[in-house]
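Can you make the complete structure from the sequences, with help from the hints?
So the protein sequences, as listed, match chains A and B.
Position 269 of the first sequence, counted from 1, bears residue number 269 in this note's numbering, the numbering being contiguous throughout.
Quick note, this note's numbering runs 1000 ahead of the 1-based positions in the second sequence.
Worth double-checking, as some hints may not be accurate.
Claimed, not checked - Cβ-to-Cβ under 8 Å is the rule here; a few derived chain A residues that face chain B:
hint, residue
1, ARG289
2, TRP290
3, SER291
4, ASN300
5, ARG325
Unchecked claim - Pairs of lysine-lysine residues, derived as DSS-like cross-links and limited to a Cα-Cα distance of at most 30 Å, are as follows:
hint, chain 1, residue 1, chain 2, residue 2
6, A, LYS293, B, LYS1160
7, A, LYS331, B, LYS1187
8, A, LYS170, A, LYS137
9, A, LYS170, A, LYS69
10, A, LYS331, A, LYS293
11, A, LYS179, A, LYS137
No wet-lab data here; the hints were simulated from the structure.
Glycine included, every Cβ here is placed at the ideal spot set by N, Cα and C.
The primary structure of each chain is shown beneath.
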Amino acid sequence: MQIRILKADEPSPSEITPEAVYVARRRLLCAGLSVPTLALPAGVGAAATAVQPVAEDSRTPQWLRERLKDRRLLGRPVSEDLTPFDAVTSYNNFYEFGTGKDDPAALGGGFVPYPWRVRVDGDVERPANYLLEDLLKGIALEERVYRLRCVEAWSMVIPWVGVPLSAVLKRFNPGSRAKYVAFETLHDPDRFPGQRSNLMRWPYVEGLRIDEAMHPLTLLAVGLYGRSLPAQNGAPLRLVVPWKYGFKSIKSIVRISLVANQPRTTWSSMAPSEYGFYANVNPDVDHPRWSQKRERRLPNGFFSQNWIETRLFNGYAEQVASMYRGLDLRKRY
Amino acid sequence: MNASLCVVAASGLTMASLWLLVLAGSAGPDPVKYSLHSLGVVAASALVATLAVSTLARITRRPQFMIWRRPLGLASFFFATLHAAMYVWYQGASAAFIAEDVSERPFVLFGFIAWLLLIPLAATSSRSARRRLGVNWTRLHRTVYVIAILAVVHQVMANKTLIQLPLILSVILALLLLERFLRNWSKLERLFRR
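Structure, rendered in structure tokens:
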């Protein structure tokens, strides 16, 4: 029997084997070895099954409920515990609702993001405004468990539901001038009270290099914990780039542009010495005001703060490091 | 009304409510960071309130307000000390990380200096110390202006953007400093003319 020892960064088989396949395998095993003493003890293999979905919001449209139900279950990293739904949805940086960590949850209740339109433009075929359901049509939703590392040195482990950004972009056949992808958050001070202050320049803008955007780990999420995204987590459509600091994962996206020049992204233009365009998670490049060598895995307790060491590219180095060969990560932070 | 008793009671209530929030889980998924920030906010607010006492007494011509100054100043020192202790706890009491923070990051250094400078003021807050030190007491306690500026700058720098509370405290502090500057302007003018 071959025993494979997984390297730290390697996805476990349960992360990449579709549920239908491993369920079929198990059925085969059980059928062949239906001796009671050999039955799997309860709980074994549980790590590979989907997370228990959390109750859906009553205002979520039927099409999205059905899409979420049909999500492909890609399992989860075996070693790390999920951050509970309550923590994921009560501790958010989303200045569109307010600067306090609890503002987005407190003020997001009335935000109903359907119907939602996304403008896809720049060097693409058929630039237009698309309904969210049309943008996602025909692309299977996947459940993916990623670490989320905030630039403020805390982190969570979140089961997202979404589609690879590459699958969406490929539909529009980006041209050769598309070197970057720029994203914009909805600008609507009536629905985003935080936008009534001129704390920052609205709308929030983020961007990726085209190879980063096309990377298989880059996700356009529409849900978490098996349900649609709550307002505070960037409903109804957000980016998730797990090897970059959280602020790159822009929320409530209304525009995706394929452009020739590096976009002027919000944080990197507000405080260029603190937040770079790349914003790759890197324990060796400190934020000017705090260390990035370690992080607090949330939720934590008053007497157990869960400091853990931060890993280069948030532990996804094996998958993404090759994109940055020859790039001075100290200068291009 | 006993000012000291009131401030002690208010401080006790503040600590009790903070601890209850932590126990109830209402302090969010990172209770130590929440406590750290809350204690800092209380310390800085109490310090600015301390400086507001004499201005208020002058403007309203009610010198009896002055009884609030010492208890408020001591409360500020008390919460600044809890804030510093919480910071040590936050860093997992790791000497290496604390040393790195204080030496490499100006806003942490500013906060640390502000707390250090508060110690002699708290230590000489008693009536007997005041009598003993005479005119030197006044000179020593003028460092409170440096401390307040350091504390407010520390608080503004600790945030990613100019958010409301630190901004409000900065504006109040600026007004309090302006009032003192204007009040002493004639004295200063005479000094320069000489």
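Here's how the hints hold up against the structure:
no. : hint                 : verdict
1   : ARG289               : holds (5 Å)
2   : TRP290               : holds (7 Å)
3   : SER291               : holds (6 Å)
4   : ASN300               : holds (6 Å)
5   : ARG325               : violated (29 Å)
6   : LYS293/A - LYS1160/B : holds (19 Å)
7   : LYS331/A - LYS1187/B : violated (53 Å)
8   : LYS170/A - LYS137/A  : holds (13 Å)
9   : LYS170/A - LYS69/A   : holds (25 Å)
10  : LYS331/A - LYS293/A  : holds (17 Å)
11  : LYS179/A - LYS137/A  : holds (25 Å)
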